[in-house]
Amino acid sequence: AVLIGDVIVGPRCYIGPCASLRGDFGRLILEEGANLQDSCVMHGFPLEDTVVEVDGHIGHGAVLHGCRVERNAMVGMNAVVMDKAVVGAESIVAAMSFVKAGMVIPPRSMVMGTPAKVVRALTDDDVAWKSFGTRQYHELAVRSLQTMREVDADTAVAPDRGRIAFDTSALHTPKS
Numbered sequence: 001a002v003l004i005g006d007v008i009v010g011p012r013c014y015i016g017p018c019a020s021l022r023g024d025f026g027r028l029i030l031e032e033g034a035n036l037q038d039s040c041v042m043h044g045f046p047l048e049d050t051v052v053e054v055d056g057h058i059g060h061g062a063v064l065h066g067c068r069v070e071r072n073a074m075v076g077m078n079a080v081v082m083d084k085a086v087v088g089a090e091s092i093v094a095a096m097s098f099v100k101a102g103m104v105i106p107p108r109s110m111v112m113g114t115p116a117k118v119v120r121a122l123t124d125d126d127v128a129w130k131s132f133g134t135r136q137y138h139e140l141a142v143r144s145l146q147t148m149r150e151v152d153a154d155t156a157v158a159p160d161r162g163r164i165a166f167d168t169s170a171l172h173t174p175k176s
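Residues in the sequence shown are numbered from 1 upward in steps of one, following my numbering.
No lab work stands behind these hints: they were computed from the structure. A few of these clues could be false.
[As the list claims (entries may be wrong)] Here are the simulated DSS-like cross-link-like pairs (lysine-lysine), alpha carbons at most 27 Å apart as the crow flies:
no. : residue 1 : residue 2
1   : LYS84     : LYS100
2   : LYS117    : LYS100
3   : LYS117    : LYS84
Keep in mind the model is a prediction, meaning the values are calculated, not measured.
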């Protein structure tokens with residue numbers, strides 16, 4: 001990941017590989033337990049804070065530009081959330097959606113499309129599913145800190161090469 005300028009990262013956050021956090025125009029804040037996954041872009045709007053609140057969950061390749069993602073909300077893979085938009089607490093922005101500048105998404109809403117529109121209210125089961133996925137990123141942050149180390153590149157694959165070992169009994173499963 002690359003962090004530039006005024007970027008504040010809270011405890012228990014996970015920032016994935018190739019993420020770009022550019023606090024060169026406005027402050028970026030990842031509050032406790034937030035995760036910003038691989039290849040995400042987070043960029044500030046001039047003189048404004050761009051915020052992912054507690055347990056916010058930002059999927060691979062998403063773009064956040066000058067917006068706010070409230071507590072325990074999720075922005076799906078490759079979605080875009082524009083300037084001064086607010087993703088309400090415990091809401092989900094579907095993958096590939098485009099949230100226009102200034103849109104305010106009510107709490108516990110499912111939004112999708114280009115431009116994004118509220119399609120329904122979220123159920124307790126929906127929010128529990130999202131929260132479970134976020135907890136896996138909390139665990140990944142801890143595991144990464146405990147196990148990551150710099151290594152030399154292999155020139156050939158060893159015949160007895162092991163695999164990463166972790167508890168797979170509680171893996172997150174796609175919601176149908």
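Hints versus structure:
1. For the hint linking LYS84 to LYS100, the alpha-carbon distance of about 9 Å falls within 27 Å, and the restraint holds.
2. Simply put, LYS117 and LYS100 have alpha-carbon atoms about 10 Å apart, close enough for the 27 Å limit, and the pair holds.
3. With a C-alpha separation of about 16 Å, the suggested pairing of LYS117 with LYS84 holds against the 27 Å cut-off.
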